[in-house]
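Asks: Between the sequences and the hints, there should be enough to build the whole structure, so can you do that?
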Amino acid sequence: MAVDEGQVLAGVRSAVLLALDNRRGLVAFGRLEARDLDQQARAVEREALEQIRKLLPPVPTGQRLQQLKTRLTRMDEALQALAARHDIAERSRALERDDITWRAFEDVSWLLEEH
Numbered sequence: 002m003a004v005d006e007g008q009v010l011a012g013v014r015s016a017v018l019l020a021l022d023n024r025r026g027l028v029a030f031g032r033l034e035a036r037d038l039d040q041q042a043r044a045v046e047r048e049a050l051e052q053i054r055k056l057l058p059p060v061p062t063g064q065r066l067q068q069l070k071t072r073l074t075r076m077d078e079a080l081q082a083l084a085a086r087h088d089i090a091e092r093s094r095a096l097e098r099d100d101i102t103w104r105a106f107e108d109v110s111w112l113l114e115e116h
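Positions in the sequence shown are counted from 1; adding 1 to them yields the working numbering.
I should point out that these hints are in silico values taken from the structure, not numbers from a laboratory.
All C-beta atoms, glycine included, are put in the ideal place defined by N, C-alpha and C.
Wrong hints could be hidden among the right ones.
Quick list of the computed label-pair ranges, beta carbon to beta carbon [said to hold, decoys possible]: (1) 59 x 28: 33 to 39 Å; (2) 62 x 88: 37 to 43 Å; (3) 88 x 14: 35 to 41 Å; (4) 5 x 37: 37 to 43 Å.
Replies: Below is the structure:
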């Protein structure tokens with residue numbers, strides 16, 4: 002079955018925009034401490050990235066879909082490498098995991114903006 006790249010990209014774009022809105026809402030309407038705000042923002046981003054992963058076909062055919070899949074794969078590899086490290090404190094591991102998630106989300110957002 003052929004995948005409509007435009008339709009998939011529209012779904013991905015929608016997921017990113019919703020996550021950006023939710024993230025903004027945390028700042029605009031929340032009275033959260035910075036650490037709690039950060040944790041909730043990363044949770045929003047993780048949820049969006051998982052939703053995007055589900056929208057992508059197993060073998061993307063279009064260039065942008067392939068770029069998105071590649072970026073998610075790189076995120077997974079970085080998270081696996083982090084999980085395999087034994088020389089890092091748990092708090093540092095959590096911060097690094099959050100940074101990997103944030104960078105992946107921002108990269109996906111940027112990939113959608115450039116075209």
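Asks: With reference to the structure, classify each hint as holding or not holding.
Replies: Hints and how they fare:
Hint check: residue 59 to residue 28, Cβ distance near 36 Å, so the stated range 33 to 39 Å holds. Range check, residue 62 to residue 88: about 41 Å between beta-carbon atoms, so the 37 to 43 Å window is met. Between residue 88 and residue 14, the C-beta spacing of about 39 Å keeps the proposed range 35 to 41 Å intact. For the pair residue 5 and residue 37, the supplied restraint of 37 to 43 Å holds, since their beta-carbon distance comes to about 40 Å.
Taken one by one, the earlier hints all hold for this structure without exception.
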